[in-house]
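**Q** Work the whole structure out from these sequences, hints included.
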Amino acid sequence: MLRRFALAALMLSFAAPSLASAQSSRLQTGGMNIEMFRPAIDSRGHLTVNGTDILPENRLSFGLVLDAGFNLLQFSGAVNARLEDGGTTDHIVDQAITGTILVNFGIANWAVVGLQLPIQIINGEAVHIHPYYGWSDTDPASTTIRALRYQGLGDLSIHGKLRILRAERDPVGLAAIVRVGLPTGNDRRFAGAPGVSLWPSVVMEARTRPDQAFNGISRIRFSLEFGYRAVFGTGATFPIYGETQLTMGNNGTLSPLVETGTLLQVDDVMTFGAGASFRLARTFDLVTEVYGTQIADSIGTRGALSLEALLGFKLFVQDHSYLMFGAGAGIPTNPDGRGYQAAQWRAMLAFIYEPPIGDRDGDGIMDDIDDCPNDPEDFDHFLDEDGCPELDNDNDGIPDDLDDCPLIPEDMDGDHDDDGCPEGNDSDRDGDGIPDDVDQCPDQAEDRDGFQDEDGCPELDNDEDGIPDTEDLCRDTPEDIDAFEDEDGCPEPDNDHDRILDADDECPDEPETYNGTNDQDGCPDEGSVIFDDNSLIILDKIYFETNSAQILSRSNAILDAVAATLLGNPQIRLIEVQGHADERGNDEHNLRLTQDRAASVVEALVQRNVPRDRLRSAGYGELCPVNPAHNRAAYEENRRVEFKVIETDEGPTGVQVACDAAANLRQ
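Sequential numbering of the sequence shown, starting at 1, is according to the working numbering.
Derived by calculation from the structure, the hints in this document are not laboratory data. Among the hints, erroneous ones may be present.
Calculated pairs, DMTMM-like style, for lysine to aspartate or glutamate (alpha carbon to alpha carbon, straight line, at most 20 Å) [said to hold, decoys possible]:
hint, residue 1, residue 2
1, Lys-541, Glu-583
2, Lys-644, Asp-596
3, Lys-644, Asp-660
4, Lys-644, Asp-540
5, Lys-644, Asp-532
Estimated spans, in silico, between C-beta atoms of each pair [said to hold, decoys possible]:
hint, residue 1, residue 2, range
6, Gly-397, Ile-217, 46 to 56 Å
7, Asp-455, Tyr-228, 47 to 57 Å
8, Leu-383, Val-180, 31 to 41 Å
9, Pro-355, Trp-110, 16 to 26 Å
10, Asn-215, Asn-374, 33 to 43 Å
11, Asp-455, Leu-286, 20 to 30 Å
12, Glu-637, Ala-276, 16 to 26 Å
13, Asp-649, Val-180, 30 to 40 Å
14, Asp-375, Val-180, 29 to 39 Å
15, Leu-349, Val-180, 19 to 29 Å
16, Glu-454, Asp-375, 34 to 44 Å
17, Arg-282, Asp-380, 33 to 43 Å
Where a beta carbon is used, it is the ideal one built from N, C-alpha and C, also for glycine.
**A** Okay, structure coming up:
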């Protein structure tokens with residue numbers, strides 16, 4: 001029995017002239033685009049689901065997205081004989097491969113415009129069908145339709161995105177997107193819509209704060225997108241779920257139909273998708289999506305709902321430039337019930353490039369969140385977070401630098417209108433811009449220092465620490481009065497600047513020596529590690545198994561101390577772990593052994609939470625002895641691990657990394 005489910009639609013729509021057997025099959029009436037995978041429009045999306053962020057003003061981004069869908073336009077249980085190999089197939093399209101070029105441009109930090117140009121390759125084998133479905137390559141009684149072959153453009157899409165709410169400031173992000181598709185593809189060969197398409201959509205996004213992490217996973221983003229793609233043209237119409245019995249004989253005939261099926265017409269579709277991404281490492285995001293389409297006029301009809309799920313990752317090379325890989329499948333993966341656009345399997349590869357974000361106006365607010373990236377914020381305690389200078393805070397037409405009442409608009413009543421202060425019916429004896437009827441100190445002018453300026457009274461000691469504001473370097477934060485720099489008006493919670501608060505510091509005026517020995521008490525002490533500007537000197541050796549890079553357990557204590565010293569001295573940016581050997585043994589072997597031992601020490605420190613980018617390893621074999629003698633004591637002294645400080649917060653230390661004999665190893 002042959003169950004003829006399927007987009008026999010296609011079958012009905014394949015028509016070919018009698019001399020075109022070597023040509024590609026095409027729809028006879030109406031058209032459709034088989035491609036459901038549409039990449040996110042810019043660098044801020046997931047895979048197909050868009051995000052709410054936008055490009056900074058006047059910034060470009062580019063991308064190339066390759067995707068391949070396999071086994072599309074399902075028959076859902078029907079069996080058709082392949083002409084070439086005599087086998088069977090449950091689909092019309094074997095492969096639909098698309099390369100999409102993306103270009104985007106940011107406008108005024110609130111919108112993005114751009115385009116997507118797909119180039120498609122679509123293939124499918126020739127098949128036998130029942131004459132009921134019509135349209136053969138030779139005559140109405142034939143059961144053969146041609147193979148599908150298409151290489152060319154898809155539909156050019158022009159798009160714009162408007163950011164409405166910002167995910168980093170508001171509870172959720174919100175954006176609106178409009179895409180206009182131009183019929184540059186061949187709709188009769190499944191490579192384009194049968195006319196111009198209009199595709200509006202809405203995107204919502206929620207994300208974690210930058211400082212939040214869960215089991216090492218940070219920057220978690222969830223996005224939902226809903227849209228409606230209207231096509232101004234006639235879509236393909238075809239019967240599905242027909243049933244017949246295949247009794248192919250020498251004459252290629254088929255038995256009559258048992259059931260003719262129902263019609264499915266491809267017109268407007270509803271689109272939807274949900275995406276999530278998880279930052280697993282500084283340059284690595286895991287991304288997952290479920291997305292699909294639903295023919296608007298065929299809700300509830302099998303085959304009209306197409307769903308796919310994808311899992312992928314992004315490998316970042318810059319903040320918003322990345323390689324992207326993904327793979328997934330249609331839902332369900334078996335042909336029975338899978339939608340007409342869903343692929344059985346899909347894979348994708350992409351590269352997205354966006355130039356790094358800067359701060360053109362130098363106000364400390366990055367361009368992508370700066371509403372005025374070319375004009376620096378004036379930081380006058382009025383709307384300072386938007387990045388725009390407010391030259392007239394009260395919008396009374398008098399610039400703030402000439403306005404005696406910059407937060408209260410002038411009433412423009414002909415009475416002292418040039419001072420920026422409203423006189424109204426009430427006097428202002430102290431001239432501080434606060435009418436006497438609401439001024440708690442009508443004869444003392446408010447000092448307007450950003451502290452309780454609305455009451456009209458000058459606060460000469462804002463923090464009430466006994467130090468006048470004119471002498472107080474921290475006028476809004478009270479001095480702690482602990483006999484340490486009390487005259488500046490600023491509290492010193494850590495007098496000795498050793499990062500241990502005075503309340504917990506047993507020696508509040510003497511900085512802790514971070515060396516792995518009692519580093520929590522706040523007192524300087526001597527331990528097994530000494531930091532002397534350019535080197536870490538260890539007072540114990542690091543021991544290895546003989547002729548091996550395996551560190552012996554007896555060295556755990558000194559390694560713990562070295563790690564504690566590095567973690568307690570964050571000003572050390574880069575340190576070189578050096579391995580040295582005595583003169584015995586083969587030179588090449590000694591060099592390799594010291595390199596391996598230095599690398600083992602680096603790994604041991606990384607396991608103790610020292611960041612890998614602060615460490616590097618090098619082995620110098622027997623080239624740099626500290627004792628030139630040729631005896632057991634010298635050998636013991638020359639077999640060693642050293643730690644050279646290469647760079648600190650202040651820059652390169654200039655330390656001699658290797659001895660002159662080993663200088664060529666650093667080249």
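**Q** Give a verdict on every hint.
**A** Results for each hint:
| no. | hint | result |
| --- | --- | --- |
| 1 | Lys-541 / Glu-583 | 18 Å, holds |
| 2 | Lys-644 / Asp-596 | 17 Å, holds |
| 3 | Lys-644 / Asp-660 | 15 Å, holds |
| 4 | Lys-644 / Asp-540 | 16 Å, holds |
| 5 | Lys-644 / Asp-532 | 10 Å, holds |
| 6 | Gly-397 / Ile-217: 46 to 56 Å | 52 Å, holds |
| 7 | Asp-455 / Tyr-228: 47 to 57 Å | 55 Å, holds |
| 8 | Leu-383 / Val-180: 31 to 41 Å | 36 Å, holds |
| 9 | Pro-355 / Trp-110: 16 to 26 Å | 19 Å, holds |
| 10 | Asn-215 / Asn-374: 33 to 43 Å | 42 Å, holds |
| 11 | Asp-455 / Leu-286: 20 to 30 Å | 54 Å, violated |
| 12 | Glu-637 / Ala-276: 16 to 26 Å | 58 Å, violated |
| 13 | Asp-649 / Val-180: 30 to 40 Å | 53 Å, violated |
| 14 | Asp-375 / Val-180: 29 to 39 Å | 33 Å, holds |
| 15 | Leu-349 / Val-180: 19 to 29 Å | 27 Å, holds |
| 16 | Glu-454 / Asp-375: 34 to 44 Å | 28 Å, violated |
| 17 | Arg-282 / Asp-380: 33 to 43 Å | 37 Å, holds |
Checked against the numbered hints above, the structure breaks hints 11, 12, 13, 16 and satisfies the rest.
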